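Visitor: The chain contents come next:
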Amino acid sequence: VQLVQSGAEVKKPGASVKVSCKASGYTFTAYYIHWVRQAPGQGLEWMGRINPDSGDIDSAQNLQGRVILTTDTSANTAYMQLNSLTSDDTAVYYCASLTRSLYISGWDIWDHWGQGTQVTVSS
Amino acid sequence: EIVLTQSPGTLSLSPGERATLSCRASQSIDRSYLGWYKQKPGQPPRLLLYAASSRATDIPDRISGSGSGTDFTLTISRLEPEDFAVYYCQHYGDSPWTFGQGTKVEIK
Chain A
1 VQLVQSGAEV
11 KKPGASVKVS
21 CKASGYTFTA
31 YYIHWVRQAP
41 GQGLEWMGRI
51 NPDSGDIDSA
61 QNLQGRVILT
71 TDTSANTAYM
81 QLNSLTSDDT
91 AVYYCASLTR
101 SLYISGWDIW
111 DHWGQGTQVT
121 VSS
Chain B
1 EIVLTQSPGT
11 LSLSPGERAT
21 LSCRASQSID
31 RSYLGWYKQK
41 PGQPPRLLLY
51 AASSRATDIP
61 DRISGSGSGT
71 DFTLTISRLE
81 PEDFAVYYCQ
91 HYGDSPWTFG
101 QGTKVEIK
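Protein chains in written order, with my numbering: chain A, 1 to 123; chain B, 1 to 108.
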C-alpha cells in the first residue's frame, strides 16, 4: 500500500494550492481519504475526508468554504485544494487512507499515510 | 466537536522508565472511538492504539492504553530509544475527527 503525494509548493497570499495523493496497492474506493495538516512545530489538524466511492465529503468547520476535496477514481488519486491562502496555511499536508469500522466479527482497521507535502505561503 | 486536551505537554524521562500520557475529552466519548498515534520528526504519524486499548499491527506490548468516559491514558512500560517522539490522541468516527495537541516524550 502506498500513498504518494505531489511535491512542495510555494504560494503567495490569496492564491490557491492543489495537492495530489496517488494511491496504489489496494482498492482505492474501499476507504475514505482524509487530509491532515501540521503547521511548523505544531500538532495535527484534521481537515476533512472524502469517500472515493460515493463522493461524500466532511470537512472541518474552520475550513469550510476554502477547502475542496475531490477524487479521480480512474487514476486512484485524491486531491485537496485550499483557496485564499494566508501565512497560517503554511504547513505539511498529509493525505491518509483511514478506516475504523466495528463489525460483529471485530474491527476493520486501515491506516496508511502519504509522505506529506510542504506548502509554504509567503509574499 | 470533541476537544481533546493532552497532558503533560512534555515528559522528560530516561530509557527504561515508565511513561504515562493523559488525554481528556471535552465530553464523554465511547472508548471505541479513541486512538493514539506516535510521530517522529519528518515522518507521518503512526497508529499505536485504537478503541482506547487495542494495539495496532506490530505495536509492542510495552505500549498499552486504558480509560473511559472523558479520561484516557497511554502507558509505555519501559521506554526504548525509539519511543522518544510526540504522541497524539485522536477521536474518530463521526465528523469531525479531532486530535489532541500532543505530548512530547524526550530523553532526560
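Please keep in mind that the hints were generated in silico from the structure rather than gathered at the bench. As the structure is a computational prediction, the values presented were derived from the model and not from experiment. It is possible that part of the hints are untrue.
[What the hints assert, rightly or not] Examples of chain B residues lying across from chain A (beta carbon under 10 Å, computed):
#1 Thr10
#2 Ser14
#3 Tyr37
#4 Phe84
#5 Gly93
#6 Phe99
[As the list claims (entries may be wrong)] Covered stretches of chain B, as calculated for chain A (at least 3 residues, CB under 8 Å):
#7 27-36
#8 58-66
The beta carbon of each residue, even a glycine, is placed where N, CA and C say it ideally should be.
Visitor: Now, for every hint given, state plainly whether the structure supports it.
Guide: Cross-check of the supplied hints:
1. Thr10: violated (13 Å)
2. Ser14: violated (25 Å)
3. Tyr37: With a closest approach of 8 Å, the Tyr37 (chain B) hint holds.
4. Phe84: Status violated, d = 17 Å.
5. Gly93: Hint on Gly93 (chain B): holds, closest Cβ of chain A at ~7 Å, below 10 Å.
6. Phe99: holds (4 Å)
7. 27-36: holds (count 3)
8. 58-66: Three-residue rule not met by the stretch 58-66 of chain B, so violated; n is 0.
Hint compliance for this structure: hints 1, 2, 4, 8 are not met, and every other hint is.
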